[in-house]
Amino acid sequence: MESRVLSIDPVTRLEGSTRVIIQVDERNRVREVFYQVLELRGFEAFCKGRAIEELPRITSAICGVCSWSHHIASGKAVDAVLGRKPPELAIELRRFAKYIQIIDSHLLHLCIMALPDFVLDYTSPELRNIVRLMKSEPKLVRTILRSRRAIVKIEEVLGGKPIHAAFMVPGGVARRLSREELEELDALTKDLRKYIYSITEFFNKKVVNSKRFQDLLSNEAYMLKTLYIGLVGRVGELEFYDGDLRIIDSRGREVAKFKACDYAKYIAERSSNISYSKFPYPKWLEQSEYSEECIFRTGPLARINVIEKLDAERANEEYRYMLEVLGSKPIHSTLAYHWARVIECLYCIEKMCTILSEDTVLIEGDVVDLYGQPEYEGVGVVEAPRGTLIHHYRTDEDLITTYVNIITPTTINNTAINTELRKVVTVLWRNGELNYETINRIEVSIRAYDPCNSCATHLLSPYRGLQVLVIDPYGRVLKVLPEM
Amino acid sequence: MKRPKLAIVYGAICGGCDVALVNLGEKLTTILEKYDIVYWPAVVDFRRDELKRISEVDIGIYMGALVSSEDIELAKLLRSRSKILVAYGTCTIYGGIPGLSALLGAKRVLEEVRFTLTTSLEEVELPKLAKLPELLESATSILKVVEPNIFAPGCPPSDSVNEALLEVLSDYARGIKPKGRIFLGEPTPLCNKCTRKPTDTSKISMSKIRRLHELKLIEDKCFLEQGVLCMGPVTRAACDLPCIKNNLPCVGCNGPALDIDDMGLEMLSALSSLLLVEEERELLEEGLVKEMDRLVDLIGTLYRYTLPSSLLIKLKLGDHRGE
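First to last, the sequence lines map onto chains A and B. With the numbering used here, the residue at position 323 of the first sequence is 323, and numbering never jumps. With the numbering used here, the residue at position 203 of the second sequence is 203, and numbering never jumps.
For the record, the hints were derived by calculation from the structure and aren't laboratory data. Incorrect hints may have been included.
Claimed, not checked - Pairs of lysine-lysine, DSBU-like flavour, derived with a Cα cap of 30 Å:
#1 A:LYS257 with A:LYS85
#2 B:LYS208 with A:LYS153
#3 B:LYS27 with A:LYS153
#4 B:LYS245 with A:LYS190
#5 A:LYS153 with B:LYS193
#6 A:LYS139 with B:LYS5
With the hints as extra help, turn the sequences into a complete structure.
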């Protein structure tokens, strides 16, 4: 038998253009597996030269699914560049926007991309999708569509547009909301809460209880014992807008807790020729031998692992239920990402209701504070739906951008996705052919991370000295070429 | 009539166009019930090989800028299969924000990228199939490669543009075919629809220049009159002015209004007639120059969404022969 190269092109039901390449040797054994991201836009390069105050509306276009996260992280970085502290009202509105963004992206992924794998497990490929779901679960799909309508409306009230919003300004937000708008938000949020409860119920009944999901949860191939990174609040609670970054190891021990602006002491990145996405790695483990324990993971599962508590009632119940089923933290099963997403939707909607129930919180005070002494450098970090998102800028004395570094969550997860993929493919490679079922099971692994390849693939900087890393699919460094 | 086939294909996307379609909710699902979706990577599990094998698609929708050799191949493939090709979103039509990469001096810088990437390729000896697609000199518009039938501008396209598109899809399913080259959405400049407009739009006067972080924006006053650059005078009003209603100036995401070829030049000419008109005499030339220096990053502002299709880039890249 000759050696062969097979591809899954494109990997479907995720954002952006990616493919999987599988190399098989003469004896029909899997030799290499690559998860390749195929596009490159170079934001980090062409954002140089732009007026710093414009970056929140430019970098938003890195991703249309989590545009709010880029918009807000960028706005926070610009605040820091200008030395500004936004007023309390602006911060509350930003938090509120962050919550709806998490719900927006999580539900979109769960309902359109992920659910068909579990609920339509028995169908053929052309039917495993939302269109088929409309026929087999009409009530659920109606709820999903209604939830989308509420989400879009809430986002429109806040940012004018639901995608690529006009919301952040240096030192605050663009405008205050009127009483009528707050009432509208209140009604929409309560509706949305109802929909999220019913989607949760469906998830618990049809997904958590399904044999397929349970099998995958306990399948060793879909498990990685890694480092986890995410923001935590002051008392170790779940946090999306602010807080410190916390890293724990695969046994749950805290490795580091630090101010977001110190990210570069802990995270470094390499570029490789197998993908237009970079490969981040823990800086302090640069010299250690490769192992799963040296890989970062971020996102919903990582957040659930790094936090100490969830201060929202319904979310906390679901969280306890997950721990009851899966045992103690840290949870390493990749499929639990889906479950963590559901918990976060509950958390965010509860937080939104709390903010709205405090009558004056979204009304009183200024929405922008122009005061501040420019620092000409700033870092903005948020938890995006897919994990820790870092924007780091420098400017010249005219506040024109001179340096941009953006690390997206999907990039942080890139090594983990590649590593897991190799495990999964090796296990599934039994009959030596790629049929729909094997392809689907390979994709299920990738899909659990909800990779946003629009985010990941478009950031390589053509200007920066590029360190080329020859890497194998385990993320092991075979050879590092010097910076050019 | 046979169920029509629909294919949605990506170039370099941010995903916003996809979500904008999905956000149409029931309106979209009602129409999609009449179609067979034969390709849409975010939603259904069909592979590129399968797209290649399909002999004919009724409606092909292309999303995203073209940044690689593979994007060009796919755009050509979709054109050859589709009876109606829709260029969906500003990236597809004009290059969009990724088009700002054209600023990097395309050739020189991207050859550097290629060089580094090629070097590493030699190191690893990736199988042919696994080689990353070659990058173009900069992100570009689909118009450089093929001619679409329908244009749906916006970043992402607004509800009104989307509804117009759904109407086309719905008509098509009933056997009514669109004719000619169709641009969806209101064609005139945004200022015409703006609620902040001064009593006389021809008499807007910009008496100072302010950057966004230097002032608190007033909610009902024309941005230009507040000294803030707003692309309203030249931008196609194919949206419901969400940014302006939300108290931020227009950044031009719908691309140029009808009959405007080069958005930046047109805006520059608009600016020259409204900027510091009354102050000219007092400021004298020197003062005027100093004040004008406060207009920073004109290219990134005036051409934020249309650089690859601008005259500027044509001149710079020297491919203006015969034009």
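Evaluation of the provided hints:
1. A:LYS257 with A:LYS85: holds (23 Å)
2. B:LYS208 with A:LYS153: Violated. LYS208 of chain B to LYS153 of chain A sits at ~36 Å, over the 30 Å cutoff.
3. B:LYS27 with A:LYS153: The given pair, whose Cα atoms are some 16 Å apart, holds under the 30 Å limit.
4. B:LYS245 with A:LYS190: holds (25 Å)
5. A:LYS153 with B:LYS193: Status holds; Cα separation ~22 Å.
6. A:LYS139 with B:LYS5: holds (27 Å)
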